[in-house]
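Undergrad: Here the protein sequences line up with chains P and D, keeping their order.
According to the numbering used here, the residues represented by the first sequence are 1 to 564, in order.
According to the numbering used here, the residues represented by the second sequence are 1 to 235, in order.
Bear in mind the hints are in silico, worked out from the structure with no lab data behind them.
Cβ coordinates follow ideal geometry from the N, Cα and C atoms, glycine included.
Accuracy of the hints is not assured; some may be wrong.
[As the list claims (entries may be wrong)] Derived, one-sided and incomplete: chain P residues facing chain D with beta-carbon distance under 8 Å:
1) S45
2) I59
3) N62
4) D66
5) V196
6) G202
7) N206
8) W309
9) G328
Residue-level listing of the chains:
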Amino acid sequence: MTSAASAAGDMGPVLAGLLQLLALIGALALVYIPLGNYMARVYSSTKHLRVEKWIYKGIGANPDTDMTWPAYLRGVLAFSAVSVLFLYLLQRLQGVLPGSLHFSSVNPAQSFNTAVSFVTNTNWQSYYGEQTMGHVVQTAGLAVQNFLSAAVGIAVAVALVRGFARARTGELGNFWTDLVRGTLRILVPGAAIAAVILVACGAIQNFSGIHEVGQFMGGSQQWNGGAVASQEAIKELGTNGGGYFNANSAHPFENPTPFTNLFEIFLILCIPFALTRTFGVMVGSVKQGYAILATMFTIWLGFVALMMWTEFAHHGPALQAAGGAMEGKEVRFGIGGSSIFAVSTTLTSTGAVDSFHSSFTGLGGGIAMLGMMLGEIAPGGTGSGLYGMLIMAVIAVFIAGLMVGRTPEYLGKKIGGREMKLAACYILITPALVLVFTAASMALPTPPHSMLNSGAHGFSEVLYAFTSASNNNGSAFAGLNANTDWFNTMTGLAMLLGRFLPMVFVLALAGSLAEQKPVPVTAGTLRTEKPLFTGLLVGAILIITGLTYFPALALGPLAEGLAS
Amino acid sequence: MNNSVTNTARLLGAGLRALLVLTLVTGVIYPLVVTGIAQALFNNKANGSEIKADGKVVGSSLIGQSYNLPLKKGQTSPDPDLKWFQGRPQNGLGANSLNTRYKLILSGATNLSADSGAVKGVCPDQPADKTLCAQVVAAKDAVVKDNSVPGYTVKPSDVPADAVTSSGSGLDPAISPEYAELQVHRIAAKNGLSVAAVEKLVKDNTQGRTLGFIGEPQVNVLRLNIALKDLVAKK
């Protein structure tokens with residue numbers, strides 16, 4: 001160990017950070033094809049496992065009936081509504097539930113906020129995990145939604161892919177089948193393997209109560225046990241992000257070693273990236289999948305590079321005084337590992353943190369925020385990343401069509417007036433939610449009292465909160481005291497509307513596409529599998545987001561970053 | 001109308017049954033199976049990686065502790081016990097405000113911004129209270145003062161960043177090798193040990209990057225202090 005240390009001492013943290021990035025990319029590349037192909041088989045297979053047949057019987061659904069888009073949407077909404085209610089009641093009844101460490105029930109506003117937060121795959125947390133949620137709520141409530149909200153996200157993405165792949169039918173598949181298969185065949189096995197690896201590295205996994213542990217200087221400390229590793233695994237794999245503990249993945253019991261840090265980043269990214277392969281296979285052209293992958297990867301890599309640059313340069317008065325941007329970061333991860341994690345969590349819909357974004361450099365905080373503002377599509381959340389990116393692709397195709405004066409087509413489907421209206425509604429919802437809620441919070445007399453920091457950073461705290469909630473991310477500039485009735489209710493509404501309104505438009509678009517008959521490819525067709533299209537798509541994403549959010553970013557992180 | 005109400009009820013019923021079945025799978029069977037495997041194969045780790053000194057549990061190798069003198073009368077925060085290696089500041093830690101029959105540690109960061117307490121883009125000499133500038137400046141002064149012993153003077157520029165900043169969890173079990181080395185002369189003087197012996201102790205307890213490139217080199221403070229205690233006892 002000593003010799004390793006002295007040898008490693010020669011390597012600078014920047015080089016080590018870059019090597020970690022390379023190793024991560026290598027690991028993601030290794031699983032891309034097998035995982036992507038496997039997921040395509042899961043959602044295309046006509047066979048049911050025996051356990052699945054029992055489940056369908058229990059649900060009372062015929063897994064082989066195909067649904068039109070309204071029926072599919074009704075399934076999504078009904079399932080999610082029941083989930084919110086169930087999770088709400090579980091928290092409200094915690095005080096009388098056994099196995100809850102005798103923790104009291106959670107108050108109504110916070111229960112609503114948390115229930116919505118976990119069902120919408122946001123995992124915004126206005127509570128402190130270790131003192132608020134007992135074993136039953138954590139394990140049978142919150143962790144369950146980590147699985148199911150991710151499975152719902154993938155299901156909707158797959159329905160949109162079927163819309164492109166199918167012709168002259170209004171049918172998009174069966175929601176119950178997609179939900180059950182995604183959970184049983186993808187998420188549960190993946191999470192189980194990951195959880196055991198995490199425990200082997202030191203993440204805890206027990207059901208012990210709160211117990212006293214001795215200390216070096218005498219006396220004792222109190223610990224909260226729990227099924228942490230099993231929750232941590234699906235928290236990352238399903239791009240959820242809700243920590244068992246308040247410190248989330250900075251807590252040593254959630255993320256004990258440098259290796260687990262890199263492994264957790266891998267878990268966050270593997271499904272969203274591999275879904276582009278699934279998409280390629282299902283539409284019959286893996287090259288189309290590569291074009292989408294290239295777009296996601298370019299943006300992700302660019303953001304990681306920017307984040308590493310600003311964090312290593314550590315501009316900002318207090319960080320200059322300290323001699324490095326280590327405030328809110330753990331020694332074992334360092335600046336490199338923390339930067340990769342921060343970008344990966346905000347460019348997906350994860351929101352788990354291994355370091356605290358509020359104490360990043362001004363520009364670093366801005367990069368995290370901009371990552372969410374892009375709509376979390378590079379690579380985005382499980383499922384939501386793919387459908388968000390495909391909507392952007394529709395818009396990029398439309399822009400290209402306008403430039404050459406041709407009816408735009410994507411994957412053999414005409415992008416007509418109806419399709420464009422749906423895509424435009426999709427991209428308008430989230431910015432509207434973010435900006436309106438932020439403006440309302442700043443204009444009213446009391447909400448600004450929740451800000452921890454003053455000035456530009458205080459504004460950033462509120463902007464970050466609604467960006468995070470509306471985009472279903474869940475990370476925070478955690479200085480903001482979000483446990484007020486205003487923030488619990490308003491972020492709750494932002495999460496609900498930010499999750500389900502876009503899904504309405506995605507499924508409507510899918511239905512409309514599935515009904516069309518394919519247009520033959522001609523010499524004039526825009527080749528959407530070529531690098532030119534990837535460039536166009538990256539440009540469209542950055543310009544649309546840039547124009548939408550630039551004024552708000554200028555008031556917050558840019559003002560802070562440029563002042564120092 | 002009546003028909004659509006029935007349909008909605010039927011759909012919600014299906015949703016509820018799906019939720020209950022899937023809760024059984026992902027919220028009961030999955031965590032229990034993982035717990036079973038974890039407890040059987042990695043018992044110590046699954047229960048918090050407790051470590052012992054002299055046969056007594058003294059904490060977890062993963063959870064940072066404080067090494068302070070008992071609180072004196074009139075003090076609000078205790079002084080560090082300079083005989084022992086000190087960990088990172090823990091300004092983000094809290095105490096539980098709910099379910100207060102417990103005395104749980106609340107993990108967390110300060111969340112203070114990089115420009116907190118700054119005046120015209122720099123930290124002033126006397127920053128306003130409760131700002132990040134104030135915490136960093138105060139911590140740096142203390143590290144310089146505490147670790148400067150006769151024959152060894154610490155310069156402010158020698159102090160590494162992790163020594164003056166709070167971590168993300170507030171429970172960081174590790175410090176950088178630079179911060180550990182900076183404390184060597186003080187530890188040697190306070191414990192009557194040779195500098196070389198303490199330097200060796202630090203070296204033996206320094207963990208390099210995993211596989212040479214993952215993470216950052218670190219020194220586990222609890223392990224280091226246990227080793228120091230052994231060394232003092234042997235003397």
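Undergrad: Now look at each hint and say whether the structure bears it out.
TA: Hints versus structure:
{"no.": "1", "hint": "S45", "in the structure": "violated, 19 Å"}
{"no.": "2", "hint": "I59", "in the structure": "holds, 5 Å"}
{"no.": "3", "hint": "N62", "in the structure": "violated, 11 Å"}
{"no.": "4", "hint": "D66", "in the structure": "violated, 16 Å"}
{"no.": "5", "hint": "V196", "in the structure": "holds, 6 Å"}
{"no.": "6", "hint": "G202", "in the structure": "holds, 5 Å"}
{"no.": "7", "hint": "N206", "in the structure": "holds, 5 Å"}
{"no.": "8", "hint": "W309", "in the structure": "violated, 15 Å"}
{"no.": "9", "hint": "G328", "in the structure": "holds, 4 Å"}
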